[in-house]
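Enquirer: Chains as they are written, first to last, in the numbering used here: chain A, 1 to 291; chain B, 1 to 291; chain C, 1 to 291; chain D, 1 to 291; chain E, 1 to 291; chain F, 1 to 291.
Keep in mind the hints are simulated off the structure, nothing from the lab.
Among the hints, a few may not be true.
Where chains are identical, the list cannot tell them apart; a pair therefore holds if satisfied intra-copy or between any two copies.
Said to hold, decoys possible - Result set (PhoX-like, lysine-lysine): computed pairs, CA atoms no more than 25 Å apart in a straight line:
id	residue 1	residue 2
1	Lys117	Lys20
2	Lys32	Lys90
3	Lys166	Lys195
4	Lys166	Lys32
5	Lys166	Lys92
6	Lys61	Lys92
7	Lys273	Lys20
8	Lys273	Lys23
9	Lys195	Lys23
10	Lys273	Lys117
11	Lys90	Lys16
12	Lys61	Lys117
13	Lys20	Lys61
14	Lys61	Lys23
15	Lys195	Lys92
16	Lys61	Lys32
17	Lys23	Lys166
18	Lys23	Lys117
19	Lys264	Lys61
20	Lys23	Lys92
21	Lys16	Lys117
There are 6 protein chains.
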Amino acid sequence: MAIDRPDVRGREAILKVHIKGVKIGPDVDLGKVAALTPGFVGADLANLINEAALLSARRNKNSVDMSEFQDAIDRIIGGLEKKNRMMNEKEKRIVAYHESGHALVAMSVPTADPVNKVSIIPRGIAALGYTQQLPTEDRYLMTREELLDRLCVLLGGRVAEEIIFKDISTGAQNDLQRATDIARSMVTEYGMSEKLGLVTYTREKRPLFLDTGIAPSKEYSEETAQEIDAEVSRLMEESHERVRRILTEKRGQLELISQTLLEKETILGDELKALLAGEAAEGKDSSTVSG
Amino acid sequence: MAIDRPDVRGREAILKVHIKGVKIGPDVDLGKVAALTPGFVGADLANLINEAALLSARRNKNSVDMSEFQDAIDRIIGGLEKKNRMMNEKEKRIVAYHESGHALVAMSVPTADPVNKVSIIPRGIAALGYTQQLPTEDRYLMTREELLDRLCVLLGGRVAEEIIFKDISTGAQNDLQRATDIARSMVTEYGMSEKLGLVTYTREKRPLFLDTGIAPSKEYSEETAQEIDAEVSRLMEESHERVRRILTEKRGQLELISQTLLEKETILGDELKALLAGEAAEGKDSSTVSG
Amino acid sequence: MAIDRPDVRGREAILKVHIKGVKIGPDVDLGKVAALTPGFVGADLANLINEAALLSARRNKNSVDMSEFQDAIDRIIGGLEKKNRMMNEKEKRIVAYHESGHALVAMSVPTADPVNKVSIIPRGIAALGYTQQLPTEDRYLMTREELLDRLCVLLGGRVAEEIIFKDISTGAQNDLQRATDIARSMVTEYGMSEKLGLVTYTREKRPLFLDTGIAPSKEYSEETAQEIDAEVSRLMEESHERVRRILTEKRGQLELISQTLLEKETILGDELKALLAGEAAEGKDSSTVSG
Amino acid sequence: MAIDRPDVRGREAILKVHIKGVKIGPDVDLGKVAALTPGFVGADLANLINEAALLSARRNKNSVDMSEFQDAIDRIIGGLEKKNRMMNEKEKRIVAYHESGHALVAMSVPTADPVNKVSIIPRGIAALGYTQQLPTEDRYLMTREELLDRLCVLLGGRVAEEIIFKDISTGAQNDLQRATDIARSMVTEYGMSEKLGLVTYTREKRPLFLDTGIAPSKEYSEETAQEIDAEVSRLMEESHERVRRILTEKRGQLELISQTLLEKETILGDELKALLAGEAAEGKDSSTVSG
Amino acid sequence: MAIDRPDVRGREAILKVHIKGVKIGPDVDLGKVAALTPGFVGADLANLINEAALLSARRNKNSVDMSEFQDAIDRIIGGLEKKNRMMNEKEKRIVAYHESGHALVAMSVPTADPVNKVSIIPRGIAALGYTQQLPTEDRYLMTREELLDRLCVLLGGRVAEEIIFKDISTGAQNDLQRATDIARSMVTEYGMSEKLGLVTYTREKRPLFLDTGIAPSKEYSEETAQEIDAEVSRLMEESHERVRRILTEKRGQLELISQTLLEKETILGDELKALLAGEAAEGKDSSTVSG
Amino acid sequence: MAIDRPDVRGREAILKVHIKGVKIGPDVDLGKVAALTPGFVGADLANLINEAALLSARRNKNSVDMSEFQDAIDRIIGGLEKKNRMMNEKEKRIVAYHESGHALVAMSVPTADPVNKVSIIPRGIAALGYTQQLPTEDRYLMTREELLDRLCVLLGGRVAEEIIFKDISTGAQNDLQRATDIARSMVTEYGMSEKLGLVTYTREKRPLFLDTGIAPSKEYSEETAQEIDAEVSRLMEESHERVRRILTEKRGQLELISQTLLEKETILGDELKALLAGEAAEGKDSSTVSG
């Protein structure tokens with residue numbers, strides 16, 4: 001139930017970080033490992049290295065070679081296939097509406113990247129479904145508006161559950177954490193909260209090589225911490241409200257995408273547009289909704 | 001006095017975590033160790049590795065081999081048998097009512113997994129009895145309702161003690177900790193508290209490989225910490241009240257299960273249903289009680 | 001001036017913890033070391049290992065062998081004998097009344113284990129006297145009432161000093177710390193405070209193998225910390241009051257036990273009962289006093 | 001989008017810090033590495049060492065030799081060229097106005113060093129553009145006025161975005177952090193806040209050799225922390241206001257520099273003066289604006 | 001300006017603690033080192049080991065042998081002799097009155113050990129003078145009254161300075177720290193504050209072997225911390241007042257002892273008694289003053 | 001811009017501290033290194049060791065030998081000469097008035113050591129000028145009055161800048177930190193604040209050998225921390241006011257010393273006295289000003 005997964009370069013970069021301290025064999029090419037693991041997120045890649053190292057230890061080898069990486073990848077992907085067979089019907093429905101929520105919000109806010117694929121086939125380790133947005137280009141800057149739109153796309157899954165099931169699930173955990181991270185960065189790093197102004201309250205970033213894993217103590221006062229929390233909450237609440245408005249207005253489209261997903265499991269971007277165009281021809285809730 | 005123990009795969013995963021830093025011999029298969037330790041929880045498995053390492057050190061070996069694991073398992077299980085012989089009558093009664101409380105709540109809330117076995121035979125190291133619920137399927141998502149029901153099952157043991165003995169024991173410690181964990185996760189990770197909203201306040205999860213065992217400092221303010229505490233308390237109190245209502249209404253069934261347990265030591269799921277059906281034929285408190 | 005010392009199994013377990021990181025010889029059997037150190041508490045055993053390691057270093061050995069353990073034990077016990085010869089009369093009187101306080105409270109509260117021996121002969125390193133209660137059986141559960149009774153027995157020594165000398169001594173330090181630990185656990189781990197409810201506020205227990213010796217940061221708010229402190233204080237004050245009431249009522253018995261101790265240095269359980277029975281035949285304050 | 005990059009000596013000094021713990025070959029001359037990396041900032045150099053070490057590991061070498069440094073430099077610079085080709089038009093416009101804001105403020109405050117070059121060609125890893133001020137001399141002291149002017153130059157980029165786009169971007173993150181550092185140092189280290197007086201509240205500076213990477217705990221009270229935060233905020237807000245005033249008054253010049261930058265990508269100091277002189281001949285907003 | 005220095009056994013124990021991690025030669029006998037360093041306090045002994053290790057390193061030895069300890073002792077004692085020659089007259093007067101204050105309070109409070117020697121000859125590294133009380137016996141318990149009297153003796157030096165010079169010096173630093181430690185222990189460890197009651201608020205004592213040098217985080221609330229501070233302050237203030245009263249009443253004796261000290265440099269216990277007896281024959285302020 | 005630099009013995013002691021963990025060759029004599037580095041402060045010496053170690057690493061040596069120390073010293077002193085040539089006129093004027101402020105306050109407060117030399121020639125790494133006071137004797141005690149006078153001398157440089165330039169510079173950073181340290185020690189270690197009384201609030205001093213570089217957590221409450229901050233601020237403000245009064249009254253002398261310094265770069269103590277005597281013959285502001 002995640003969006004915005006790292007591409008092959010991103011995966012290689014993540015592998016480089018996690019491989020530190022692990023002795024790897026001369027035949028290991030992290031770029032190739034990255035190529036073999038589409039859909040894996042950071043935690044999946046860390047787990048992969050973990051598994052490969054355990055296999056190597058069990059085989060009494062001095063280093064982790066490509067064969068261990070290959071076997072660990074097979075093992076993890078095998079687990080995923082099993083996972084998919086074993087989700088129950090209720091869970092599949094939740095996943096379908098959740099992903100549809102992501103996709104529909106992505107199509108409704110002005111600056112989101114186009115949706116390339118929505119799927120309820122598990123990917124990576126943690127994701128039970130995914131919404132893939134096609135970045136038409138690498139981005140080097142994000143404006144305030146773009147960050148807020150991205151935050152709303154992240155909340156789309158949870159809000160769809162709220163509206164449809166009147167109950168909510170643990171499936172949004174990662175989405176909520178990433179949305180909170182965006183909101184917190186806007187307030188403490190990017191100077192995007194009028195209340196807090198241009199002052200930054202970031203923890204000092206140390207280069208990776210020197211990272212000791214010990215969190216530096218907060219430099220700011222408790223009062224400032226309260227203001228930061230209040231601003232982060234405000235950003236999250238306003239976005240929550242905005243996403244609720246979008247998905248309530250477009251509930252018909254939400255149902256349509258979800259039902260189609262439950263039938264086909266995967267919808268490509270063009271199919272999605274066609275689907276909504278057909279629906280829109282009959283209704284009127286397909287317009288873009290700005291915050 | 002615990003419910004929800006890890007299965008063989010879970011035990012293997014836990015062993016992998018705790019084995020880090022321990023040099024094991026080439027004949028050690030953690031999967032096999034997991035198979036030999038049904039009923040062990042995380043702390044039991046950590047203790048097992050501990051014991052095996054001590055044995056290996058005493059034998060002047062350079063690695064911990066399968067023979068040490070085997071001996072350590074025997075030793076621990078021997079201790080358990082002794083423990084069971086030595087519990088006094090009062091303790092056995094407390095354990096019986098405690099487990100009956102778990103089982104009866106599990107049968108009374110709408111979403112709990114069916115009870116497979118209730119027993120007052122010690123299992124693992126820490127548990128003096130156990131209530132085994134049969135997961136009819138692996139679960140990948142939990143809804144808010146399901147989490148609250150699970151929390152209530154965990155409180156069932158303590159509340160049974162309250163009602164029957166007017167005194168309470170230390171036996172609920174692990175249950176209370178796990179219930180608190182669920183409540184706290186609902187508030188800080190799953191966005192399931194209306195008061196706190198969708199903001200997450202989790203500590204950053206690091207992948208296992210990088211885990212340094214040092215807790216990152218809290219990122220949020222004292223005021224937020226108070227709101228989190230208040231919400232966690234509210235969830236716990238409401239569940240406490242709900243479980244009290246369930247067990248007070250069904251006190252007859254609670255007595256019946258407990259007495260049967262004291263006689264037979266173990267009751268299987270079907271026997272339990274039959275027992276309550278018989279009782280229900282005579283009374284009227286067997287209906288499912290929702291929160 | 002301590003009660004409730006670890007038995008031989010407990011001592012072996014404690015030795016296992018403290019021996020980590022110390023290279024011991026193949027002839028060292030921690031079970032035997034435990035058998036040679038009756039009356040030693042945790043700190044004594046840590047000190048013992050410390051002494052043995054220093055001896056080994058001084059002898060230029062690569063490991064700490066059984067001979068070092070033996071010599072270190074002799075040395076420590078020699079120190080104790082000297083200590084006993086050197087206590088002054090005032091100190092001996094304080095110790096006698098202190099131990100009598102423990103013993104008399106143990107005989108007065110409903111759930112305390114029977115007193116097996118009271119002595120003003122030093123034992124272990126830190127204790128100037130001791131009151132030994134005979135656990136008639138191993139205990140796997142403690143009820144709220146039992147914990148409070150145990151807490152009162154711990155306070156018995158200090159309160160006897162208060163009543164008799166109108167001055168108080170440092171001798172109760174360990175008792176007070178252990179009583180505080182019980183009260184704090186009741187409030188934060190066992191859900192035994194109505195004010196705090198069933199929520200647990202324990203620090204995460206890590207298995208020994210992974211213990212890094214670094215305290216995790218508090219997870220709860222300052223307001224909660226204040227409530228915990230207040231509840232712990234309340235439990236301690238109520239128990240203080242109760243013990244005061246017991247010992248004031250039975251002051252005659254307190255004097256009798258203390259005088260006998262100063263004469264005989266050690267009183268066995270049966271002698272103690274006979275002593276009080278004789279006294280009771282003449283007075284009327286021997287009834288059990290409940291909280 | 002950064003100003004004030006380290007010169008070749010500064011880069012060598014930074015390399016020395018980050019190389020600690022890395023085994024380098026006898027042919028590595030950090031001075032030469034510094035010479036090969038113009039425009040790299042601290043994080044870039046840390047990353048460079050990281051990359052070189054990874055290359056060395058992949059090549060199974062025991063040390064990181066000059067060839068790895070050379071290849072890592074090529075790789076990073078290659079990435080930069082690609083980055084420049086891939087920025088979209090909107091991003092390029094933001095970068096152009098951002099750099100123009102830095103440059104125009106630098107030309108408007110009394111004590112700033114003269115602008116030597118403004119460019120929207122990426123430099124180092126993190127910077128999408130840069131404004132280079134020519135330090136006509138090394139500085140050993142900075143007065144309060146000079147620090148405030150430098151702070152304003154740092155804010156110039158963000159404020160230009162505010163004025164032109166009504167939206168703001170993440171591109172100012174590093175600028176804001178450095179401006180906050182200046183403001184915080186003025187208050188806590190240089191005794192330049194009347195409110196806080198001459199008292200310093202710095203963390204103890206340890207020499208690099210002893211640096212353990214663990215932040216010392218704050219020595220001052222929460223109340224003092226609040227006063228520090230308030231003073232830092234005040235300095236930042238007043239500077240924000242001042243920069244806003246400067247760039248609003250000189251909006252014509254801001255547009256002119258930005259348009260020229262979008263055409264030519266780089267403007268040298270003399271060209272910049274000529275450009276504004278031409279504009280000034282037609283308007284009247286070229287006067288220096290003091291705070 | 002210190003009282004209560006460790007005896008030879010105490011010094012050996014301290015050496016054992018500080019020697020950890022230092023490789024010493026087979027000829028080193030810490031008991032002998034302790035015998036060679038009368039008057040050294042803990043910091044002096046740590047410094048001694050430090051010096052010896054540096055000498056060993058300079059001599060390219062693999063271990064610190066007895067010759068290095070001998071040389072380091074000579075060096076330190078040489079420094080002390082030089083120090084004594086170099087104190088100026090004003091400093092000598094301050095030291096004389098300071099030590100006289102300690103001695104006179106020790107002779108005035110009911111439970112203090114008798115004064116054996118007062119001296120203004122430096123001893124150890126840090127002490128410019130000393131007051132030696134003769135412990136007529138080892139003590140295993142201290143009552144509340146005894147602790148308060150000891151605290152007052154520690155404050156005697158500073159208060160004498162206050163009364164005589166109307167200015168105060170840094171010479172009381174160690175006395176004040178030790179007095180504060182006593183007051184804090186009374187409140188947090190010995191249950192001797194009525195306000196805080198019998199609850200202990202000590203940090204967990206870890207055995208030396210496991211000591212990681214990392215302070216465990218406070219377990220109690222800020223409110224409790226305030227109450228502890230207030231009680232410690234109260235104990236210190238009341239003792240300050242009491243000592244002021246004693247020394248003001250006995251100012252004649254204070255002058256007499258100080259003048260004698262400046263003449264003779266050292267006064268033995270019997271001489272001191274004779275001195276005051278002579279004075280008392282003429283005045284009336286020699287009575288013991290209780291708190 | 002510093003006063004009170006370590007002498008050759010002090011430099012050797014500092015070198016000993018920083019050399020820990022660095023493998024030095026048999027020909028290295030830290031006493032000789034100390035003799036070669038007059039004017040170096042602690043940070044300079046740490047930097048020197050750093051440089052020498054880097055040179056050794058570059059030369060592929062296993063230890064840092066005397067030749068590296070020699071080269072590192074030359075390199076650092078070379079940098080200083082260059083620094084002096086490169087200070088601009090404004091900076092030189094600031095330094096001149098700053099040092100004159102130190103010197104004039106030192107000559108105006110009753111207990112300060114006589115000024116031996118004032119100079120605007122850089123010394124050590126960090127100092128752009130220096131005021132050398134001749135300690136006519138080693139001091140073992142400092143009274144409250146002496147500490148306050150020393151604090152005022154430290155503030156003299158900054159206050160001179162305030163009065164003359166109406167702007168202030170970063171050059172006082174080290175002075176302010178040391179003045180704050182004195183004020184804080186008076187309040188928390190020397191019992192010299194009436195408000196805080198005789199209680200000490202120092203962090204536990206560990207002997208150097210055991211120093212782990214980890215700051216122990218504060219033992220006192222937030223309220224106490226506020227009182228400490230307030231007292232430190234009060235001492236600093238009162239001293240600030242006093243120094244302002246001194247230098248305002250003697251502004252003529254301040255100008256005279258500064259102008260002379262700008263001409264001659266260095267003024268010896270006798271020349272300084274003669275200079276002011278000449279001036280005093282014509283005016284009347286040369287009297288000592290007490291606080």
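Enquirer: Could you tell me which of the numbered hints above are not met by this structure, giving the numbers in increasing order?
Expert: 1, 2, 4, 6, 7, 8, 9, 11, 12, 15, 17, 18, 19, 20, 21
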